[in-house]
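J.: Just need the whole structure built from these sequences, with the hints factored in.
If you want the building blocks of each chain, they are given just below.
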Amino acid sequence: MIRPDAPVLLEIRDLHARVEDKAILKGVNLTIRAGEIHAVMGRNGSGKSTLSKVLAGHPAYTVTGGSVTYRGDNLLELDPEQRARIGVFLGFQYPVEIPGVSNLEFLRVATNARRTEQGHEELDTFAFEDLVRERLKVVQMDPAFLDRSVNEGFSGGEKKRNEILQMALLEPLVAILDETDSGLDIDALRIVAGGVNQLANADNATLLITHYQRLLDAITPDYVHVMAAGRILRTGGKELALELEQRGYDWVDQELAALAAEVA
Amino acid sequence: MVASTSTRQLWVEPWLAALPAPAGELGPVQQRGRAALARTPLPAARAEEWRFTDLSLLAQLPVASVAAAVERPLPAPQPGALRLHWNGREDPLQGVELPAGLQALTPTDLAQGLGHTLAATGCEQHWPVELNQACAERVLALRVASRQRVNLELISAAGEGLQPLRLLLLLEEKAELDLSQLVSAEAAGLHSLVVEVHLARSARLQHGLVAFGRSDAALLAHLAIEQEPESQVSLSQVVAGWGLARLEPRVVQVDGGAHTILRGLQVVDGQQIADTHSQLEFRGPEGQLDQLHKAVAAGQGRSVFNGAVRVPREAQRTNAAQLSRTLLLSDRARIDTKPELEIVADDVKCAHGATVSSLQTDELFYLQSRGIGADQAAGLLQRAFCEEVLRDLPAAARAWCPLERLLEARA
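Residue numbers (my numbering), protein chains in the order written: chain A, 1 to 264; chain B, 265 to 675.
One thing to keep in mind: the hints can contain errors.
[Said to hold, decoys possible] Here are some, though not all, of the chain B residues that point toward chain A, as calculated from beta-carbon distances under 7 Å:
1) ASP626
2) PHE629
3) TYR630
It should be emphasised that the hints constitute simulated quantities derived from the structure, not laboratory data.
Think of the CB as a built atom: it goes at the ideal place given N, C-alpha and C, for glycine as much as any other residue.
T.: And the structure:
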């Protein structure tokens, strides 16, 4: 939902970042207001996933220029855990398996870290179980998954549902979902997208990173951005995603070549 | 083996001289052990199996023994379990009513059984075993009767000086024993443990040894097990915080066809050394081994693992898997890990592997990205690493909260 007067949650200005010695982001600009759903599309290697990891604070990526403000504060100077606590959430493309750490305990510790930051009381084991059982419904997840180790032996669809469950518990203000649709069959996609739709409201915002139009059939974006060579090349409404689906990404190469020619 | 003269002079000789004359039911064993120690030098680094494990801490230990008690409160015994406090001097069975199915061995049985499994597993002349034999005054010798199930807890506080403990267990056909054993070092000393277990056909043993040390204490433990066919053994050792710990679980499947599960977890920090030399020998076909050894090495700690698996020609269709995993928390810690597979039979499955890694960046980041602080995330991952071994301990040993103590030992 687009409301021009809604508060800006995330403001990315001329963001440059590299991994090891390779420059990946080369001047990303993006403004996200409360209530909005944004989709970033682009080919492999265009910088989409890097953008998500830089926003979450992955240590392998170095910001070399530009700024990111979250509700007016400099996001880039915060540790990853602090970003999560104040309401920035990254849904992983490949959720990490952590054998030996119980999913339930992990979810409880994470939820309490966020609650403490918000000035709420920590939940004890019983109160948390009540909460988590209610939130499981968002992604139609079997409570048996709570007793397993974090993501261990989960199918692709189960891992993604577990990501959305975490989102449902942490109630972020900005949720960045990195290729949440990858590896999902139609049913799992429907459930995961349904979860995202249920959680979206006028106070929060969602940034979907995806390859394919099909996720955007299930979650309607307010804005679609096409990313290439570390920048957002074009921004439009949901019709831009349909255009990409029909025309493919070849026109992106042509525009990039034209840009390069202009610079030269 | 080459003598380490200075350590021997400093420690073994005066200490041997201070022992009372051989006496009691173990008199002949003591004589034998003392004679062996008098002619066998302390193992030194030039002997392959002691290459990485420096025994010089022993020379710093007091000679005179002072008994101790476990200082930390323990949870109540498990329902139906027999808890014995065992210090190697007093008779732990004094005034205790043994549960159905558990009997003390008769002197005749003891004379027949003592040393049998040590010999069968080829360690009766190992220096730590001779040391135990030289000074142990008592042996706790028990039999679990056929088709009976017994749950036993043994609690030992390691006091000052040398504390020898010797245990002999005979499990009759289809007998089942859960044995949880706690060793807690309460002073500077050497804790010497020799365990022999013989399992008759279809018997089952679940043994968990949890040993918490301190930097001025040493643990030398031999766990020798003989398995008849169709018996099952699960042997787990969790050791942390010892200046020096050397564990030698040695299992022989006398006719193959048995199932052995070995689990080990050792934690070292500071200047500590923990060394596990395990050996499993299949003397018949269709034996199974599932072995997982883990180590957490921090500070300048040193962790050694040597896992020998012997599969002679008669041990066809053996199925053995061994994995050694080390979590390296410091770039000054040292790891030596080595599988030692000796396979002559041609129709066998013997898998082995070893990994050494630090905390995984991706795992840490995943936890941090959910609001969990870096230190807490590292703690969760360390706990998870340990948990894989701890969950195989018998219930009583698990209730001793080994995880909290392990993390404390690291703090």
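J.: Taking each numbered hint in turn, which are not upheld by the structure, reported in ascending numerical order?
T.: The structure conflicts with no hint, since it agrees with every one listed earlier.
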